[in-house]
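*Asks:* Chains A, B, C and D supply the protein sequences, listed in that same order. Going by the numbering used here, the first sequence opens with residue 533, and the numbers climb by one from there. Going by the numbering used here, the second sequence opens with residue 533, and the numbers climb by one from there. Going by the numbering used here, the third sequence opens with residue 533, and the numbers climb by one from there. Going by the numbering used here, the fourth sequence opens with residue 533, and the numbers climb by one from there.
A couple of the hints might just be wrong.
Copies of one chain are not kept apart here, so a pair can be met inside one copy or by any two copies together.
As the list claims (entries may be wrong) - Taking lysine-lysine pairs in the BS3-like style, the calculated list, with each CA pair at most 30 Å apart, reads: (1) K726 with K535; (2) K726 with K664; (3) K558 with K726; (4) K600 with K558; (5) K558 with K664.
No lab work stands behind these hints, which were simulated from the structure alone.
There are 4 protein chains.
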Amino acid sequence: MDKGRVAAFTDAVVAIVLTIMVLEFKTPEEPTFAALASEWSYFVAYLISFLFIGVAWYNHHYMFALTKRVTKSLYWVNNLWILVMAMLPVSTAWAGRFIMDVQPELFYFIIFTCWTLVYAALSYTVMRVNRKRHPEVARKIRCMPAYRVHVSVWFWLVWVIVLGLIFVWPPISLLFTLADLSMMAIRTSDDSDKLF
Amino acid sequence: MDKGRVAAFTDAVVAIVLTIMVLEFKTPEEPTFAALASEWSYFVAYLISFLFIGVAWYNHHYMFALTKRVTKSLYWVNNLWILVMAMLPVSTAWAGRFIMDVQPELFYFIIFTCWTLVYAALSYTVMRVNRKRHPEVARKIRCMPAYRVHVSVWFWLVWVIVLGLIFVWPPISLLFTLADLSMMAIRTSDDSDKLF
Amino acid sequence: MDKGRVAAFTDAVVAIVLTIMVLEFKTPEEPTFAALASEWSYFVAYLISFLFIGVAWYNHHYMFALTKRVTKSLYWVNNLWILVMAMLPVSTAWAGRFIMDVQPELFYFIIFTCWTLVYAALSYTVMRVNRKRHPEVARKIRCMPAYRVHVSVWFWLVWVIVLGLIFVWPPISLLFTLADLSMMAIRTSDDSDKLF
Amino acid sequence: MDKGRVAAFTDAVVAIVLTIMVLEFKTPEEPTFAALASEWSYFVAYLISFLFIGVAWYNHHYMFALTKRVTKSLYWVNNLWILVMAMLPVSTAWAGRFIMDVQPELFYFIIFTCWTLVYAALSYTVMRVNRKRHPEVARKIRCMPAYRVHVSVWFWLVWVIVLGLIFVWPPISLLFTLADLSMMAIRTSDDSDKLF
């Protein structure tokens, strides 16, 4: 398939997801900062989801820059990835509005977990479609920190602990996401920085 | 016309359609999964419409990868295709909200039927504009499973039966769409998988 | 400037304008076609505005395919064109909702008139920036039927008559737009059909 | 990184920001120009924000046309720029609705100030990543009027005065933005006008 067109379609969806999250900021009914400040918790959730998209896009860009083929299976796993991204406005709005409640924070945590799983599946699919003829591409994808962390035992051990802690102090869900995303933003493959 | 620009414009519309369907998920007013669960029927309709867009895009991509010309008539039939796609948020929202009612499900069924007709018209137009100088392109489009099914007698026989059953059990409309889309997602032209 | 990037930015705005007009369709509160049918007048206005965008895009595509330069002045006239296009959802929603009222129909008429003026200005700017080194491009733009009609005396004579008739029978505003757009859709430059 | 894809992603967000600001125009409930006219103050704010986007895009286009590298740090500063742009619909809606109130106008002023700072940071980053191997690019960016004004002492002197005046006559915030943007629209690098 046409790699450029699949990437452009993905980008369009991601850009719209990022921007419709802004619609959730309701224009304050009164001309006071107090009215504006009532949205602080959504703003926190929005910033984390913004970082989410930035990190997700960066890694997607790297994978699509490397892959030599876009097969039907890669297309559909990419669509699954888009589907999870499209859930972000819902989970962000809910978790941002009820930042101290267990269930909305758990929901955000579940969506984030789905994303890490689908992201690992996407990485795996890119490896698989390139393995035969372009083993060096498959190797590079396998070495991506974002991939290696999410298939490690340590990550899932921390994950279980955080899952339990959400029932004690719900916002840990957003903090964990923030920490994981920051780690992914900082630790990237060395050659992800060069011009493709 | 500039094939890339027409395809990019189409993609932008499709990406926005996919994403504004998310706006229909109302942020639950209460921090409970019970409040979230009340949206399950829309979620079902959303997933089917998401698959709809994935399948439609895949076939559109194949046709535009093959065609050697984008004429004025192809441009306008493509616009008609865009118009029907743009109706998807309306039909999905209504059919998802009233999943056990005849008229909303019938409406979804009508929009889907319009899409299959416009899709067949688009395929036919691509064939026609390439027939003379690129008969191999016309031949490939004619062999697309998505095209052959929708111009077959069998499809329309099943269609008539389903149309009748909607009055008995409305959700059959969504099930039929799901079945037809799954079939289109699985059975594709062999060379649709290669890099264009 | 980078012609492709300016065109892509323009396309993105036009695609979003086209799609957010769909948001104006409110999901019927009841599962009956009667509830859906109450939106018929907006649907009529929507279809005309959809045709509007199709015609506008076609002519924009032709002009940008031909122009050899995108100067700062062309960029800003193009932005003015985008600004008028962005008013379309407002005028369509209002004129579609109050199809028998003078003032909303007059508003639609005014926005359409602004568009024809800005469109003529855009055509003129493309001519001017190409006149010196690429006179054949300037000549082609001047020969575009869409340009020639809107700078003709006959068009503006009809325009004045329609303006008066709106006060008698408001929907003439939409009918006039439909007629003008249909004419522009049918009469196009011969070479607008070839692959650029 | 792939310069084209980063630019296209940025453009998509900017185009959506521009267009969702239109959603803030509520369709008048009555068919009278009086009802429409009640939105005049938002319309003023919308026009200024539209100019904002036009100017911001023009300068972004110039920087990305020149830069020879898109590094990870440039990607993240660009994301910060996108984040500030995404705040525009909120600040425009609020400042447009309460045009004579101190706090909404101050908010618009703060967002605009953030933008000038992030813009300067973006310019600086483009310089830094090109300095070594492409000093002529770094030099060109440093000479951009939009950059030089915002790092000058004069600009910040006027800025302090305007900040004080907002408490006396709030709309000065929008007027200052308009003046600054007009200056940036008129004074541009000479070679920003040529085809890249």
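*Asks:* Now, for every hint given, state plainly whether the structure supports it.
*Replies:* Structure-based check of each hint:
1. Within a single copy, K726 and K535 get their C-alpha atoms as close as 19 Å, and across copies as close as 10 Å, so both meet the 30 Å cut-off.
2. Proximity of K726 to K664 under the C-alpha cut-off of 30 Å is found in both arrangements, the shortest distances being 25 Å within a copy and 15 Å between copies.
3. Neither within a single protomer nor between protomers do K558 and K726 lie at most 30 Å apart by alpha-carbon distance, with minima of 40 Å and 42 Å respectively.
4. Proximity of K600 and K558 under a CA criterion of 30 Å is satisfied in neither setting, with 44 Å inside one chain copy and 40 Å between copies.
5. For a Cα distance limit of 30 Å, the shortest separation of K558 from K664 qualifies neither inside one copy, at 52 Å, nor across copies, at 46 Å.
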